[in-house]
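Peer 1: Protein sequence lines correspond, in order, to chains Y and D.
Going by my numbering, the first residue of the first sequence is number 1, and it counts up by one from there.
Going by my numbering, the first residue of the second sequence is number 1, and it counts up by one from there.
Quick caveat, the hints were computed from the structure, so don't treat them as lab data.
Fair warning: there could be bad hints in the mix.
[To be verified] Here are some, though not all, of the chain Y residues that point toward chain D, as calculated from beta-carbon distances under 7 Å:
id	residue
1	G4
2	T12
3	E14
4	M20
5	D24
6	S36
7	V42
8	V50
9	L57
10	F73
Note that beta-carbon positions come from the ideal geometry of N, C-alpha and C, so glycine has one too.
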Amino acid sequence: MCLGIPGRITTTFERDGLRMGKVDFGGVTREVCLDSVPEAEVDAWVIVHVGFAISVLDEEEAAETLAALREMFDLEEELGERS
Amino acid sequence: MKHLSEYRDAHLVRGVLREIEGLVSAPRVVMEICGGQTHSIVRSGLDRMLPEQLALVHGPGCPVCVTPLEMIDRALAVATRPEVIFTSYGDMLRVPGSRQDLFGIRAAGGDVRVVYSPLDAVAIARQEPGRQVVFFAIGFETTAPANALAVRQARDLGIENFSVLVSHATVPAAMRAILGSPHNLVQGFLAAGHVCAVMGWWEYEPIAAEFGVPIVVTGFEPLDLVQGIRMCVRQLEEGRAEVENAYTRAVTREGNRPAQALIAEIFEVCDRKWRGIGTIPASGYRLRPEFAAYDAERRFEVGDVETEESAVCIAGEILQGRKKPTDCPAFGAECTPDNPLGATMVSTEGACAAYYRYGRGTG
């Protein structure tokens, strides 16, 4: 239940006064409530818990974190420090 | 899959693990709060790759585990009523109450249905106006906004045959309870990334300051976890006790304001009993008085239920980081996922269930 999964919004629509959307989770599409992520538009990545988007993924932050790690450890490898 | 597979990169995980090894200079005890993190750590084998001086202990952040036995018995009492369609997240169905579980009630002809989202339960109520639809609203701050929204929708759409059985718990109060115990061993925390996605991490700042413990907001993939551990260990080594964020792609300091507003509109803070631990002040949510009409406990008057827990089970000490599943004589013997004696074995997210599933201490 507590598993939050990232997915990409493919469409948004309104139903019964709620902001809803379809979200693609690596090929599986589900309806998700977007009521608490008003800023998330089509193509945004959201983290979804129990059919409810709780957070919009910051793709810039994600890229920065990974780039920093890759730089650190790939460089280390090039320098032959890896055991 | 994007935003998941990059964080399972074995090369990068090993790099961070080497850094952690270089950092640790003394015995350290770090607790990951969330059962999802426990599961990820044991599944990926990270617990076996960390330096010996660094012990990871497993926290109480498993909602199915900490839902008190009497609440499960109340759910069972409601679910057996002929007019009721009882709806729940799937992982609650096999949790045993004092005498049976929700699966057993379904097998005996009860109408028990698994829903993916609480809004699905509202939809069922709308389709079946002649029945009473009850949703078992459990979980931490992660499920609270969705559960709150279901109640608000029922009110807004005038759906009167919908109610919720609420057993919501909140993380910061449990951290205080663990840290405040004279037997506490925990020196630093990995805070649950998705709880913080909703609530932000500002509410952990006073805890870090008051108890002098580092708290690092951490995600769920192996790379996220080792990053969280590394930041936590670095703080311990440097003598700092701050809140840091290792899950910046999903969490901000203020969290999700609309989701917080939704929780506050429907729920209020209350004392809550945690299975295996006991009552923790101000550690849960209940419906606000203005939503009492949607409270299944009132609607069905299930009353007080007497329950008794296993005498051998050490779940309480495990949930507070004082013992490991393998310290329990019943682990893997009379206590297994098919026949759980206590909180940490009942759910797949529980520490004992994770240890059992991935062969820790069972040979």
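Peer 1: Just to be careful: measuring from the Cβ of S36 of chain Y to every Cβ in chain D, is the smallest value less than 7 Å?
Peer 2: The hint holds - S36 of chain Y has a Cβ within 7 Å of chain D, the shortest such distance being about 4 Å.
Peer 1: Holds or violated: the hint that T12 of chain Y contacts chain D, with Cβ atoms closer than 7 Å.
Peer 2: Interface hint status for T12 of chain Y: violated (15 Å vs cutoff 7 Å).
Peer 1: Holds or violated: is the Cβ of V42 of chain Y closer than 7 Å to a Cβ in chain D?
Peer 2: Cβ of V42 of chain Y sits 16 Å from chain D, so the hint is violated.
Peer 1: The hint names V50 of chain Y as touching chain D; please verify it with the least Cβ-Cβ distance against 7 Å.
Peer 2: holds (5 Å)
Peer 1: Would the stated hint for F73 of chain Y survive a check requiring a Cβ distance to chain D of less than 7 Å?
Peer 2: This interface hint holds because 3 Å falls under the 7 Å limit.
Peer 1: Taking the closest Cβ pair, is D24 of chain Y under 7 Å from chain D?
Peer 2: violated (10 Å)
Peer 1: Taking the closest Cβ pair, is M20 of chain Y under 7 Å from chain D?
Peer 2: Hint violated; M20 of chain Y Cβ to chain D Cβ min 9 Å, cut 7 Å.
Peer 1: Using 7 Å as the Cβ threshold, decide whether E14 of chain Y counts as touching chain D.
Peer 2: violated (13 Å)
Peer 1: Was the hint right that L57 of chain Y lines chain D, CB cutoff 7 Å?
Peer 2: holds (5 Å)
Peer 1: Against chain D, run the beta carbon of G4 of chain Y and see if the smallest gap drops under 7 Å.
Peer 2: holds (4 Å)
Violated hints, in rising order: 2, 3, 4, 5 and 7; the structure is consistent with all others.
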